[in-house]
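Trainee: Quick mapping for you: the protein sequence lines, in order, are chains A and B.
Counting from 0, one number per residue, gives the positions in the first sequence under numbering that gives the first Met the number 0.
Counting from 0, one number per residue, gives the positions in the second sequence under numbering that gives the first Met the number 0.
Simulated from the structure, these hints should not be mistaken for laboratory data.
Where is the CB? At the ideal position from N, CA and C, for every residue including glycine.
Hints may contain errors.
[Unchecked claim] Here are some of the chain B residues that sit facing chain A, going by a computed Cβ distance under 7 Å:
(1) H105
(2) R159
(3) L238
(4) E241
(5) S244
[Stated by the list, open to error] Taking lysine to any residue pairs in the SDA-like style, the calculated list, with each CA pair at most 25 Å apart, reads:
(6) A/K222 - A/V409
(7) A/K108 - B/D28
(8) B/K242 - A/K38
(9) B/K90 - B/D28
(10) A/K38 - B/R161
(11) B/K201 - A/K104
(12) A/K108 - B/P190
(13) A/K38 - B/K201
(14) B/K198 - A/K38
(15) A/K108 - B/P189
(16) A/K104 - A/A44
(17) B/K242 - A/V161
(18) A/K104 - A/A166
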Amino acid sequence: MARPKPLPDPEGYFGPYGGRFVPETLMAPLAELTRFYDKAHRSRAFKRELTALLNDFAGRPTPLYFAERLSEELGGARIFLKREDLLHTGAHKINNALGQCLLTKLMEKERVIAETGAGQHGVATATAAAALGLTCTVYMGSEDMRRQRLNVDRMRLLGAEVVPVDAGSCTLKDAINEAMRDWVTNVHTTHYVLGSVLGPDPFPRMVRDFHRVIGDEARLQLKRQAGTEAPDLAVACVGGGSNSIGLFTAFLADLRVRMIGVEAGGRGPARGEHAARFGGGALGVLHGTRTFVLQDEEGQIATTHSVSAGLDYPAIGPEHVWLHDAGRVQYGSATDAEAIAAFHLLARTEGILPALESAHAIAEVVKRAPRLSRRRIILVNLSGRGDKDVESVLAWDREHAGDDGNHGTVESFAAAAARRGR
Amino acid sequence: MSAIDEVFQSCAREGRAAFIPFIMAGDPDLGATATHLEALAAGGADIIELGVPFSDPIADGPVNQRAAVRALAAGTKLSAILQLVARHRDKLGIPIVLFTYFNPIHARGVERFAEQAAASGVDGVLCVDLPPEEGERELIPAMREQGVDTIFLLAPTSTRDRVNKVAACSSGFVYYVSRTGVTGERAALPPDLVRDVKKLRKRLDQPLAVGFGLSTPEQVEAVGEIADGVVVGSALVRLIEEKGSDPELPALLEDRVRELAAPLRPRPERRRA
C-alpha cells in the first residue's frame, strides 16, 4: 500500500465508510464542532495545554515494558507492553476525554455527556470534567452497571450523574442511543464526548488524533529500548477501536510492521453470542456512521455478547473497515475463555492484572509469540488495568470451575483455546 | 405532480393546514395496523406517516421507542409493511409516507427498496437519520427515478446554508422539527416556533409541515395557523399502547384524529391568501 492519503476525506469518509448519518438537529452542531476541532488541531496553544494535562495530570508518557517472563514462558518473540493501564483513571480513555473536554471549554459549553460500556470512558470523562470544571452526565447500560460496579461508584464520587439505560441489551449500544437523545435535546449547552472512533465525522478522526500519542510514544521507546522503531507485530483489542487506532496510526506508513486487531469472540460464532464484526457483520449504518455492523437481514441491530463490557458493541469504527479492506491491518478474535485465560497468564507471569478488553489482545499474543523467533518483537497495547474486572473474572472462574484447575499457565490457555467454538 | 403535492394544494385551496397523523407499523401487529390506517383516514387524516420500527431509534422518545419494541417483537418486517401499504393505499385514498431510520433501507439495498416502495404505492420516504448530504449519494436519485417523494427535516439549529440544502433536496414537503429533542408529547409549544416557521416558509417553495411534541387540538390549531401541515405522533401511539387489543381502539383512534384535526377545518374568516 502506498503512503495513504490523509483520511477521512472532507465529507468524513474513509473510502466508502464513515460519513454523517444523524438527525438534522445535529448537523449544524457537528459542523461547528468540526470548525473548532480543526482550529484546535492546528493551534500550538491548544496542543501545549493538552500536552501539559496529559503529562502532569494523566501521567504521560506511559512506560513501554519488556515482558520478559511472559516472553520466556511463551518461548518465542520478545513482547513489549505499552502500559496505558498506568495512566490516571486506569485506561487509555483519558487521552481522548481530556482532549474533548478541553475542546468543550473552547466551545464555551458547560456540560459534557458520555456513554460508557466498561465504565473506563465514563470514569475518564467524569475525571476530565471535574478537572476542567464541567458538569457531566454518563449513560451506562444497566447490565454494564451491574458488572462494572466499581466504575459506577468512581464516576459518582467524581461528581458525575450516572444514568442507567434499560433498553435493548442494556449495554454500550443502548447507552449510546440515550446519549445521542440527550445531545439532540441539549445541544446548545452540551458537548457529547463520544468515547471511541465511532459516530459521525469528525468523531472518528478526532478520537484517533487524541489517541495517536500511544503509538507515537511507543515508536520512540522501542527505538531506545529495543534498537528498532518497527515491531514485527503490533496487537491491540478492538471494540469501537480507539486504543488500537491510537497504537496503529504511528505505524501505518511503515510496511515492516504487521498489525492485528482483536475483536471479542464471546461464547462462539452464533449471532448474539459475540461482538466480532468481521466475523458475521455486514455493511450498515449505526450511530452516525456507515461501517460494519452486526445485524439481521432486515437491518435490525443484533445484540452482542462479550465477557468484556468495553468490547460488547455491534459496530466497529469506520477507519478499521477501511484498513481491513486495504489489507493493512488484519483482524482476529479471542473468545471469553481465551481472554480470561490470558488475564490469568499475565497476572501470574508479569504481576499485571489487565482489563478484560486488553486481555483479548494478550490472548492473540499468546497464540502468535511461540511461532516467532526470539529476534522478533511484538508490541501490544495494554489499554487498561483490570481492577474493575476482578468480580467478573472471579464469577467466570466459579462458573467454569472444573474446566481446568491451573490458572495462569500456558497449558491452561491452550485448554481454553481448544474449547473455542465448543 | 405527486399525490402529496395534490393534498397540500387542495388544503391550500380550502385555506387550511393538512393533518398528518403518525403511527408505528406493526404496533401491536400488522393486522391491527391495517385497521388503524382506516381509522386515521376516517377521522380526517390528509396524509399518513407510517413508522418503520428500528431497534435503535435515536431520535425517538420513550413512547415511540416502546412502539418499535412491540412491533419488532411481533416480527414486523419492512417487506410486510410494504405489502400492507400495497393492499391498503388505494382503498385509503390518501398518501402514505414511510417514517424510518436509514439502516433498514440500507440493508435491503437502496435501489431495491425504491423499486419495492414505488410498486407498493408508497408516496414518500422520510429518513430521520439521513441528512440530505448523505441522501444525495443514493436515496434521492433512486427515489426520483421511481417517482417517490423524499422528505427531509429542518430543525431549530439549521443554519441558512442547511435550509437551502434541504430545500434543494426535499420533494412533497419539508418537515420542521419544532424543538431540539426527541419525539414525544410536550405541554407547551416552543416560544420561537411562530417566528421560525414564518421565516422558513418564506424561504421554501415546498409546503412546510411541523411536528415533534404536538399532541393537543389547541397545539394543532396554533401550529395550523402558521404551517402547511401538522404532524401528531406520540399522542396516537400512546393511545394504541394504552388500549392494546381493545376492540374499541379503532373507534377511539378515529375519534381522537377527528378531535385533533377539527381545528384545521376551514372557516371562511380564517382563510389565508
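Trainee: CA of A/K108 to CA of B/P189, is that 25 Å or under?
Mentor: holds (22 Å)
Trainee: Is the Cα-Cα distance between A/K104 and A/A44 25 Å or less?
Mentor: holds (14 Å)
Trainee: Would the hint on B/H105 stand, with a C-beta cut-off of 7 Å toward chain A?
Mentor: Cβ of B/H105 sits 5 Å from chain A, so the hint holds.
Trainee: A/K104 and A/A166: Cα distance at most 25 Å?
Mentor: Cα-Cα ~32 Å, so violated.
Trainee: Grab the minimum C-beta distance from B/R159 to chain A and call the hint holds if it beats 7 Å, violated otherwise.
Mentor: violated (10 Å)
Trainee: Against the 25 Å threshold, does the CA-CA distance of A/K222 and A/V409 hold or violate the hint?
Mentor: Distance ~29 Å between A/K222 and A/V409 Cα, so the pair is violated.
Trainee: A/K108 and B/D28: Cα distance at most 25 Å?
Mentor: violated (44 Å)
Trainee: How about B/E241: closest beta carbon in chain A under 7 Å, or not?
Mentor: violated (20 Å)
Trainee: Check the hint pairing B/K198 with A/K38 against an upper bound of 25 Å on the C-alpha distance.
Mentor: violated (32 Å)
Trainee: Would you settle whether the hint for B/L238 is holds or violated, based on the nearest Cβ-Cβ distance to chain A being less than 7 Å?
Mentor: violated (22 Å)
Trainee: Taken at face value, is the distance from the CA of A/K38 to the CA of B/K242 at most 25 Å?
Mentor: violated (54 Å)
Trainee: Run the distance test for B/K90 versus B/D28: straight-line Cα separation, threshold 25 Å.
Mentor: holds (20 Å)
Of the numbered hints given earlier, the model fails hints 2, 3, 4, 5, 6, 7, 8, 11, 13, 14, 17, 18; all others are met.
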